[in-house]
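Throw the hints in and build the complete structure from the sequences for me.
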Amino acid sequence: MSASDGEVLLDVSKVRLTLGGHLVLENISFQVHDRIRTGEITGQVIALLGPSGVGKTRLLRIIAGLDAADSGTVRGQKGAALPAGTVGYVFQDYPLLHHRTVKANLELAGTIAGMSKGESAARAKLLMETFNLSDRASFYPAFLSGGQRQRVAIAQQIMRPRQLVLMDEPFSGLDPAALGHVMKLVQEVAHLDELNTVVLVTHDIRAALAVSDTVHMLGRFRKDGKIVPGACVRETYDMVDRGLAWRTGVQELPEFVALEHEIASKFHDL
Amino acid sequence: MAKLSEAFLPNRTLDRKTTGFIVVFWVVATFAVWLTMPFKTLPMPGDIWRALGALWWERGMGPQLFTTLRLIAHATALTVALSLLLSYLTVIPFFRPLVEGLSKLRFLGFTGLVFPFTLVTGGGYALKVALLTFGMATFFVTSMAQIVVEIPRVQFDHMRVLGAGEVRILWEVVVRGTLDRALDVLRQNVAMGWAMITTVEGISRAEGGIGALLLDENRHFLLAEVYAILFVILVLGLALDYAMGVLTNLLCPHAHLGRVTR
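Respectively, the protein sequence lines represent chains V and X. Taking my numbering, the leading residue of the first sequence gets 1, the next gets one more, and so forth. Taking my numbering, the leading residue of the second sequence gets 1, the next gets one more, and so forth.
Just so you know, these hints were derived from the structure itself, not from any lab. There's no promise every hint is true.
Stretches of chain V that chain X covers, calculated by requiring three or more beta carbons in the stretch to come under 8 Å of a beta carbon on chain X [claimed, not checked]: (1) 76 to 88; (2) 106 to 115; (3) 249 to 255.
Glycine residues also receive a C-beta, built at the ideal position from the N, C-alpha and C atoms.
What follows is the structure, encoded as structure tokens:
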């Protein structure tokens, strides 16, 4: 099966951020291209991999339009700006409106997006079926498990057709079975449409490699053993070029395991 | 029924039957202490019951109660409207110092305020409503403003990424999102207002009310009547508290879901 790169869907260019006088992000640049596979609807999954505290979430907030960078730009398809509300963002703790049921949380996202009540209800019903939440429609968030909350949070973000969805640490604190389920879910969301892109941040190397077509490793440099402030993209791994993208059972392949070990060995110096 | 010994261990949950048994024990113990206490000047339960009958049938306690309930309802309505408006205004930076300043007025007592409030309201019923509203609202604003300030930033960001405008965010996150807690605060404030009723009705006794009646009986040292009135105040206070709890459950069925029972 042949694969090629199409148009630019996300362009992060020279993003710099300081907080309280401390440099957090320095010259972060990467692009997301449409991955084209003949005869397949192929969305994009990009992992921003890095140790805790390196500034991954800060970068995600800038891409979402929630925070402003000191300098640099974030552009979408055809160079469009991405103000808050145009990009989906699944927060780490999956915030939901606690006074609304699952169904009402989803419907609210629809009406905010400009849908009629009927359209919103129909879309919510469809997504609850897709995400296996139909039997939880009348539940308040306080009664949901962590996994169910995560699914509602993701469904809420795609109530309106969105082609860019950001996920903050979607694999954090999951048992192996739940982890596999979430990895599948991430790919399903991405592959709903050819131009869909999921950008996720994680420090889980194995999950990041298994689910993504591109992995950007964020980190800081060291000088004389000391960390130099300001994280940047230290390495980029194209999983398509390596033949490790879109494959079932990829985690068992020797090349995958070797890459995982290679990244893990570098992780300590980030 | 759970082992009774469990009731003496910390952080244990008891079944309803055991809890009921413990409640009955304390009620019986209270009456036993009351009936056997050596202070003969204090009225016995029978004296209080007879005084209650006399107050109700001969002294017009019913209309007095109605006067008081009308006053507390009026003041509560004004407190809710003013306090919620002020609390929600704290999301706008311009109003924060104003709300902060108003909440600090809770440290003032009624004594020095009666004169300016009389000038403004003209006295009588309006004065009592104004004083009670002031007393309740300063505490309500303090609690509610704190609740609004403590809303996590992620709740606002969550709505922003959904594409909601700031007015919609205010409605969903600040108004509807804190309604259960607002009702909890109101429940405490109604209790405080009810406790203030004697003081407020004592300031202007012309319209009567249960507080004025209590002060009259107390002045004549009619202890059975005083305790009968206190008993009515307690029962009505508990009834108001229960009604507030029912209202919270009706309006916010999610309110109790996240709470831990220990």
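Hints, verified against the model:
{"no.": "1", "hint": "76 to 88", "verdict": "holds (count 5)"}
{"no.": "2", "hint": "106 to 115", "verdict": "holds (count 4)"}
{"no.": "3", "hint": "249 to 255", "verdict": "violated (count 0)"}
Consistency note: the structure conflicts with earlier hint 3 alone.
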